[in-house]
Amino acid sequence: VAYLVVFHILFVLFVWTYWKSVFTLPIQPGKKFHMSYADQERYENEERPEVQRQILAEIARKLPVYTRTGNGGIRFCDRCQLIKPDRCHHCSVCAMCVLKMDHHCPWYVLEIGLWFSERKGYLDKFLYASHVCMLL
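In terms of my numbering, the sequence shown opens at residue 3 and continues consecutively.
Because the hints were derived from the structure by calculation, they are not lab data.
For every residue, glycine included, the Cβ atom is placed at its ideal position computed from N, Cα and C.
Keep in mind that a hint or two might mislead.
[Said to hold, decoys possible] Label-pair ranges, simulated between beta-carbon atoms:
#, residue 1, residue 2, range
1, His-92, Gln-56, 18 to 26 Å
2, Ala-59, Leu-129, 43 to 51 Å
3, Gly-72, Phe-13, 43 to 51 Å
4, Cys-79, Val-3, 27 to 35 Å
5, Cys-96, Leu-65, 51 to 59 Å
6, Cys-79, Ile-11, 38 to 46 Å
7, Leu-137, Ser-94, 50 to 58 Å
8, Ala-59, Cys-107, 33 to 41 Å
9, Ile-11, Cys-93, 34 to 42 Å
10, Arg-44, Arg-89, 24 to 32 Å
Work the whole structure out from these sequences, hints included.
So this is what it looks like as structure tokens:
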């Protein structure tokens, strides 16, 4: 009886952390990284790449952005129209930029990256799953 109680408690914890991980959206960059409409117009209307880099550098001067592109320019996502913070990447499957994105997980149907509130739950799920498997 004690064995079944422990098994079911671990199984419920596993299911809870799994669903919590699946339904928690990844963290996206804040509004301060999005360009204003005027800056966006100015950036898109400019044809010369060096002037576009200067426009991005001018906008990013107030932002905490340290990572640059290979040629020293500010990282910019053309699809999301935002200045990318450090370790931010665009997920082509979900069509959004994600902070500290590692990869897109097909089992969760979302990104594995920086889950401020869910990293513990994500790791606990594996712990509970391994304990449930050991009790089977």
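How the hints compare with the structure:
| no. | hint | in the structure |
| --- | --- | --- |
| 1 | His-92 with Gln-56: 18 to 26 Å | 23 Å, holds |
| 2 | Ala-59 with Leu-129: 43 to 51 Å | 45 Å, holds |
| 3 | Gly-72 with Phe-13: 43 to 51 Å | 49 Å, holds |
| 4 | Cys-79 with Val-3: 27 to 35 Å | 56 Å, violated |
| 5 | Cys-96 with Leu-65: 51 to 59 Å | 23 Å, violated |
| 6 | Cys-79 with Ile-11: 38 to 46 Å | 44 Å, holds |
| 7 | Leu-137 with Ser-94: 50 to 58 Å | 40 Å, violated |
| 8 | Ala-59 with Cys-107: 33 to 41 Å | 35 Å, holds |
| 9 | Ile-11 with Cys-93: 34 to 42 Å | 35 Å, holds |
| 10 | Arg-44 with Arg-89: 24 to 32 Å | 27 Å, holds |
Consistency with the previously given hints fails for numbers 4, 5, 7, ordered from lowest to highest.
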